[in-house]
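Undergrad: This is what each chain is made of:
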Amino acid sequence: MFASMLLGRLNWHVLPTNPITIGGGVGMIFALLLILAAITYFKKWKWLWREWLTTQDPKKIGVMYIVVAAVMLLRGLSDALMLRAQQATDSKLIDPSLFQQVFSAHGTIMIFFAAMGLMFGIINLVLPLQLGARDVAFPFLNATSFWLFFAGMVLVNMSLVIGDFSAAGWLAYPPLSELQYSPTSGVDYWIWALEISGVGSMLSGINFLVTIIKMRAPGMKMMKMPMFAWATFGSMLLVAFAFPILTVTLTLLALDRTLGMHFFTGGHGGNAMMYVNLIWAWGHPEVYILVLPAFGVFSEVVATFSRKRLFGYTTMVWALMCIVLLSFTVWLHHFFTMGAGSDVNAFFGIMTAIIAVPTGVKIFNWLFTMYRGRIHFASPMLWFLGFVVLFTIGGVAGVLMSVPAIDYQVHNSLFLVAHFHMMIVGGVLFGYFAGLTYWFPKIFGFRLHEGLGKIAFWCWTVGFVVAFTPLYILGLMGATRRLDHYDKSLGWQPLFIVAGIGLFIVILGILAQVLQVVISIWQRNERRDLTGDPWNGRTLEWSIPSPAPFYNFTKTPVVTERDQFWANKQAGKTRHEYEDIVLPKNSGLSVAIAFCAFLVGFGMIWYMWWLAILGVVGVIVSLIVRGMNDEPEYIITAKEVEKHANAAKRKLKEYAV
Amino acid sequence: MSKATTLDLHHIEAEATEKTTFGFWVYLMTDCVLFATLFATYAVLHHNTFGGPSGTELFKLPYVLVETFALLVSSFTMGLAMLALQRNAKDQVLFWLGLTFALGALFLGLEVSEFHNMISDGNSWRRSGFLSSYFTLVGTHGLHITIGLIWMAILGTFTWAKGLTHTVRKRLTLLSLFWHFLDVIWIFIFTIVYLYGSLGI
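Taken in order, these protein sequences are the chains called A and B. For the first sequence, our numbering gives the first residue as 843, with consecutive numbering after it. For the second sequence, our numbering gives the first residue as 29, with consecutive numbering after it.
Hints may contain errors.
Claimed, not checked - Ranges between beta-carbon positions, derived for each pair:
(1) L122/B - E1475/A: 24 to 30 Å
(2) I215/B - Y1213/A: 53 to 59 Å
(3) T174/B - A873/A: 41 to 47 Å
Hint data in this document are derived by calculation from the structure and do not stem from the laboratory. Beta carbons: idealized from backbone N, C-alpha and C, even for Gly.
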């Protein structure tokens, strides 16, 4: 009795028994112990706490987002590797129930913890700099968002060791995800990991919206903002409107599972299709949430490396805003086969075809930006060119599927899988790779190795085409997704082998990227960015030295032009002025709040109600402690800023010698 | 911020207040989407009684009217607290805040008792899709009211201990926005859930 109150449904039997899961879990724990031991051995705990864990500097928070996202990208990749290995060899490598967990984990991790992490990371790194601001609107909230994201990530990975993960796909459709059919803790892990990180995302959305509206440098009207800031604005509008829907949907599923409610159950007046509608009312905007900032990155990259201003700025902005609006009017195309009737399907089919128009406008604007430009084929530009090709092909496949009659044929097939991977890898991931290469020197003060970057690009692009073209073909022939094997008599095995080879080439690309980072850090002193403007950039972030100092600008810049820094360079203007600066103090409370949120999640998953209540109380107490702090900020005077700036300059001169 | 500086601290504080207030508005809009989603689920499920009672049988309008008046009057007294804040009258702020708290607690008590009666009659959220969506929609509003009351108690203590400092003023403004917002949501619940429900629409 007491034990079940204390531990809920947690017991020894929830530990993994499958050799693959045990291997993964042991590997993860071992890596974790190794890192902890290294930190202790090098006596870095204090440094870690002071410089990173409690920081409120958006540049550092951005770096932490990207580190987590990169690790999650590798985790999601290893899931993909297992799926492809199984299908290419047609073996009994993974048993069916594990196979389901693996593809559910792959989708969940890639979208929520790899793609979202990269997106928020890059926004944190770049947005305040581009706006000429010192920080985001609410620094404490920003750190809290990151730590909530982190807590969700820990929960997802914990499911590898304690209990199991959801086997209901990345969107956990009921009735499969209801307690009756998924009685283990798997779906609960899925729910609470996304609930916690989703609240973090929503708070980030609010934060960046206010940052863009209220914190632009003097003179920077909305129509003078860099395009990346505009794209972020569009994306964050979608976050603010879509993520509350996700929060509610997950909560309702949790209420069904833990309190025995009947929102989506088969009996008692529940409605399972309502779940599918709700989750896609969030899910379709989510796709645009991920891709709009990537569009923003490409807009910056293509202008910089064509040495021309962006073509059609105004139409670009309008296209963005059209996409924001239209993205809420297409969700039903994810389930034309629901049987809503021809009128409803026709409406959503037409809206889906229409949303391709503003996207097309953007593609043409980028191409016209290149037209008659002096194109420099640096690696960010290569990612852009690869994106144009892949994204357009994938997009055309999408327009094809917007026709409900065709969708009935390819619904739930590998054709669809090929389509959305082309959009998310070719669009989102390539965009963030371009952005990371492009802004890396600004954050770390040295450039990435170009040669390895180019090799990575070619491996990714070629590998991607080899991996997913067979899936288009298989899908057209009727291969249903999410199956662990297909009958031999179909004769599809060669195509799955080709897809497996494609993934292998992609992995070579990832190895090149890992090597690129390692070698670049090794050779960092030869690769220093001495000017602060390594690519001959156009926007404000390039007007300050690299790495960007913690206060961003010695004096808040004044803006009169769209590409202010380019205009300054043309006019030969440079400024050395200093002013007093207000900055947020570090705070450990963000970590505390996220830890308590983690306790809530863990308690709810395992029915340890006391732990969940303890977590809620912990969050409230942390907020009260935060509220009692009347001086969350400090001032550095103009003199100190000047001293710091001069010291940084001296250091750069040493590197030059 | 004790260091000697050329910064205009009043200007910085005013800017911070404006920024925070705007941010809080954006948050309220996201909360609006949250309630809109719950209203949508209620609209889809409110006829799915699965042989259980419908709204017509369950809702007692006079009772709900008392609840409604308690909450509406609490919104009014919150407004009076804000007027007192403008006059810098700390004691009056505390008085009206206390009255608001009492009325809010009355509303919450009435709601909990209503829920309790339904559940002890065997009509809990497990009974039907309709009751699941009813308890979730109205309960989420009640949860917001609870958070509002906790916030009010803490902020009241801060006001009493620290006086009407810049930070306290800013937070009182946010709290009043939150409280009025919950009032608006309740109007929708009263109309869509209770009035329509009693009519059997």
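Undergrad: Holds or violated: the 24 to 30 Å window for the beta-carbon distance between L122/B and E1475/A?
TA: Once the Cβ atoms are compared, 28 Å apart, the range 24 to 30 Å for E1475/A and L122/B holds.
Undergrad: With respect to the beta-carbon atoms only, verify the hint that T174/B and A873/A lie 41 to 47 Å apart.
TA: Since T174/B and A873/A have Cβ atoms about 42 Å apart, the given range 41 to 47 Å holds.
Undergrad: Please test the hint of 53 to 59 Å on the beta carbon pair from I215/B and Y1213/A.
TA: Holds - the Cβ-Cβ distance for I215/B and Y1213/A, about 56 Å, lies within 53 to 59 Å.
Violated hints for the displayed structure: none, as all numbered hints are satisfied.
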